[in-house]
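Colleague: Note that the protein sequences, when read in sequence, are chains Z and H.
Numbering (the working numbering) for the first sequence: 6 to 336.
Numbering (the working numbering) for the second sequence: 6 to 336.
Hints are not guaranteed to be accurate.
As the list makes no split between identical chains, a pair holds if one copy fits it or if it spans any two.
[Claimed, not checked] DSSO-like, lysine-lysine: derived pairs with alpha carbons at most 30 Å apart:
{"no.": "1", "residue 1": "Lys310", "residue 2": "Lys254"}
{"no.": "2", "residue 1": "Lys169", "residue 2": "Lys95"}
{"no.": "3", "residue 1": "Lys124", "residue 2": "Lys60"}
{"no.": "4", "residue 1": "Lys157", "residue 2": "Lys169"}
{"no.": "5", "residue 1": "Lys73", "residue 2": "Lys169"}
{"no.": "6", "residue 1": "Lys309", "residue 2": "Lys96"}
{"no.": "7", "residue 1": "Lys36", "residue 2": "Lys319"}
Hints were generated in silico from the structure; no laboratory data involved.
Treat the numbers as computed from the prediction; the structure is a model and nothing was measured.
2 protein chains.
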Amino acid sequence: MRFTFGTCSRHTVLNMYKQTCTNLLELSSAKVTEWLASFDSVITDCDGVLWVYGKAIEGSVEVMNTFKASGKKIFFCTNNSTKTRSELLKKGVELGFNITESGIISTAHATASYLKRRKFDKRVFVIGSDAITQELDAVGIRHTQIGPDPMKGSLADYMSQHLKLENDIGAVVVGFDEHFSFPKMMKAASYLNDPECLFVATNTDERFPMPNMIVPGSGSFVRAIQTCSEREPFIIGKPNPAICDALIKQRVIDPSRTLMIGDRANTDILLGYNCGFQTLLVGSGIHQLADVEQWKQSKNPEDKKLIPDVYLPKLGDLRPSLICKRSSSIH
Amino acid sequence: MRFTFGTCSRHTVLNMYKQTCTNLLELSSAKVTEWLASFDSVITDCDGVLWVYGKAIEGSVEVMNTFKASGKKIFFCTNNSTKTRSELLKKGVELGFNITESGIISTAHATASYLKRRKFDKRVFVIGSDAITQELDAVGIRHTQIGPDPMKGSLADYMSQHLKLENDIGAVVVGFDEHFSFPKMMKAASYLNDPECLFVATNTDERFPMPNMIVPGSGSFVRAIQTCSEREPFIIGKPNPAICDALIKQRVIDPSRTLMIGDRANTDILLGYNCGFQTLLVGSGIHQLADVEQWKQSKNPEDKKLIPDVYLPKLGDLRPSLICKRSSSIH
Numbered sequence: 006m007r008f009t010f011g012t013c014s015r016h017t018v019l020n021m022y023k024q025t026c027t028n029l030l031e032l033s034s035a036k037v038t039e040w041l042a043s044f045d046s047v048i049t050d051c052d053g054v055l056w057v058y059g060k061a062i063e064g065s066v067e068v069m070n071t072f073k074a075s076g077k078k079i080f081f082c083t084n085n086s087t088k089t090r091s092e093l094l095k096k097g098v099e100l101g102f103n104i105t106e107s108g109i110i111s112t113a114h115a116t117a118s119y120l121k122r123r124k125f126d127k128r129v130f131v132i133g134s135d136a137i138t139q140e141l142d143a144v145g146i147r148h149t150q151i152g153p154d155p156m157k158g159s160l161a162d163y164m165s166q167h168l169k170l171e172n173d174i175g176a177v178v179v180g181f182d183e184h185f186s187f188p189k190m191m192k193a194a195s196y197l198n199d200p201e202c203l204f205v206a207t208n209t210d211e212r213f214p215m216p217n218m219i220v221p222g223s224g225s226f227v228r229a230i231q232t233c234s235e236r237e238p239f240i241i242g243k244p245n246p247a248i249c250d251a252l253i254k255q256r257v258i259d260p261s262r263t264l265m266i267g268d269r270a271n272t273d274i275l276l277g278y279n280c281g282f283q284t285l286l287v288g289s290g291i292h293q294l295a296d297v298e299q300w301k302q303s304k305n306p307e308d309k310k311l312i313p314d315v316y317l318p319k320l321g322d323l324r325p326s327l328i329c330k331r332s333s334s335i336h
Numbered sequence: 006m007r008f009t010f011g012t013c014s015r016h017t018v019l020n021m022y023k024q025t026c027t028n029l030l031e032l033s034s035a036k037v038t039e040w041l042a043s044f045d046s047v048i049t050d051c052d053g054v055l056w057v058y059g060k061a062i063e064g065s066v067e068v069m070n071t072f073k074a075s076g077k078k079i080f081f082c083t084n085n086s087t088k089t090r091s092e093l094l095k096k097g098v099e100l101g102f103n104i105t106e107s108g109i110i111s112t113a114h115a116t117a118s119y120l121k122r123r124k125f126d127k128r129v130f131v132i133g134s135d136a137i138t139q140e141l142d143a144v145g146i147r148h149t150q151i152g153p154d155p156m157k158g159s160l161a162d163y164m165s166q167h168l169k170l171e172n173d174i175g176a177v178v179v180g181f182d183e184h185f186s187f188p189k190m191m192k193a194a195s196y197l198n199d200p201e202c203l204f205v206a207t208n209t210d211e212r213f214p215m216p217n218m219i220v221p222g223s224g225s226f227v228r229a230i231q232t233c234s235e236r237e238p239f240i241i242g243k244p245n246p247a248i249c250d251a252l253i254k255q256r257v258i259d260p261s262r263t264l265m266i267g268d269r270a271n272t273d274i275l276l277g278y279n280c281g282f283q284t285l286l287v288g289s290g291i292h293q294l295a296d297v298e299q300w301k302q303s304k305n306p307e308d309k310k311l312i313p314d315v316y317l318p319k320l321g322d323l324r325p326s327l328i329c330k331r332s333s334s335i336h
């Protein structure tokens, strides 16, 4: 059995819905088929698109696996710095996704790769989780330990007796850290006072709204360190195109025939904009059509970059189009 | 014995050195005398101008006391949120300054006054020190406790078992807090998710450089909370003119005949700019002449606001001019 998306895949007008936020549910089946044929590669965010609270979002497994079965290359791309590539792979496979480790783009892994490419040979001061330290270990880069580092005694006591700065720190990496604390801030700012010390942020997601509470995102730790260090970080994650650089440079993907799927416009959709990908916003996570409406009205040119090409309430809403396509293309 | 600053005090050309960063040491004695006669009130920053590491900076006591003895009104104005007005008064008096409590403008006190003026009657979630809670107590405003609030267990455990959000929180106040932690960030962001909840920052000083280390300032905590709450704070401290509002509205001072003295341009000098005061930058703290040179070259109009009218390496450098003046004006 072979899946195709019609016969027009090489003749499609590229990016026909450029930043129009066209709702795919309002298009004819023929138009959706035409759109499906306009990309060969799919890069998708995970939380809020594929799964939420550890459970697959209805229909996302079937859609992604059908994409893959039809010959499209698929990549999971997450700013979540608390998981290694192999942990993300395990999670994806357990939920039923047909994915391999080379299809996982994660900021913890990409941070370690970035330092390795720079031939970094000092130690890393890590504000983050063990996913970062494991990925650093995997490429042989030395680092400090993660976990609680609470304030000891008064500020004067801490400064005179407890604060120990190490000599061989050459980079400060900041990711998600539920043990973020004043001593960590003070150490990071002190290391970064040396202009030779690298400042790397896994990502800058601001926060994760949950029922009745808000979980701060890496972006809020990064902003704190930015402020007290008076330094600008190199940002590994979306929307920085660096995270897809290797795929593009090694011609694994053709940007104009790549679809970026996401639920957060200022990371996912902006990455798509920055890389020249087509973009699909799904409403199963952070941003909704009402947000897009605001950006359309905005006079800030930066807001315009957040407008996706197409929209769906959730990725699983593509199922009918794919099933229809699969039936019609089986000879 | 009566001190005056010559006979021209009411005829002086106002703000004759407007944003020229004129080095007073390079002026003739007559010109310095003319300048001294151009203001009746002096508002000065404390750390880095009057004292540093708990010790008075050479000459600052004599200069301030001479100002006062000559009839000028003097005010100490600090963004330091870790001291109450009475603690600051005690410190000033111990160091030899001739100052009274009404001459102390502090952000902990000003924050409590701000909430009181708004007839605030809920509880305040405080990220800060006991100076803030004492000033809130003094005006009868209820608040949460300050001190350590470390992460307990995993994030999932914390969210399900340990995080307790209170119902009657109506404001989040953020000042300097050496026990800043992830749970405090999460609580602040969750309270601020209610648009009715006020977000008040005592100040936004970024950091305090010390020998061999950097101490993060309130500004770095404020930026973290701004990011995860996606809210903008009302800022009490310098450079927000609100901190001098009462003095101006009650005609205690005449802005055009008021001198603002500071060592940090983006708080002290900018406050002077915002209030229409004359400004003196001293080089005994954060910013130096080299910084001013950068702002002069900058094309960013915001940087221009940081340029002081006049400059001195330290406040005590005014002593010779004052002694000379005192001698010549004693009849």
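Colleague: With 30 Å as the alpha-carbon cut-off, assign the pair Lys309 and Lys96 to within, between, both or neither.
Modeller: So Lys309 and Lys96 fail the 30 Å test inside a copy (34 Å) and across (53 Å) alike.
Colleague: Given a CA cutoff of 30 Å, do Lys310 and Lys254 count as a within-copy pair, a between-copy pair, both, or neither?
Modeller: Close inside one copy (23 Å), not across copies (45 Å); limit 30 Å.
Colleague: Can you tell me if Lys73 and Lys169 fall within 30 Å by alpha carbon in one copy, between copies, both or neither?
Modeller: This pair counts as neither: shortest intra-copy Cα distance 51 Å, inter-copy 44 Å.
Colleague: Taking 30 Å as the upper bound on the Cα-Cα distance, should Lys169 and Lys95 be classified as within, between, both, or neither?
Modeller: neither (38 Å within a copy, 33 Å between copies)
Colleague: For Lys157 vs Lys169, is the C-alpha pair at or below 30 Å within one copy, between two copies, both, or neither?
Modeller: Intra 12 Å, inter 24 Å, cutoff 30 Å: intra and inter.
Colleague: Which holds for Lys124 with Lys60 at a C-alpha limit of 30 Å: within a copy, between copies, both or neither?
Modeller: Neither way: Lys124 and Lys60 sit 39 Å apart in one copy and 46 Å across, limit 30 Å.
Colleague: Is it within, between, both, or neither for Lys36 and Lys319, if the alpha carbons may be no more than 30 Å apart?
Modeller: Within one copy, since 18 Å is at most 30 Å while 73 Å is not.
In the structure shown, a violation is registered for the earlier hints numbered 2, 3, 5, 6, in ascending order.
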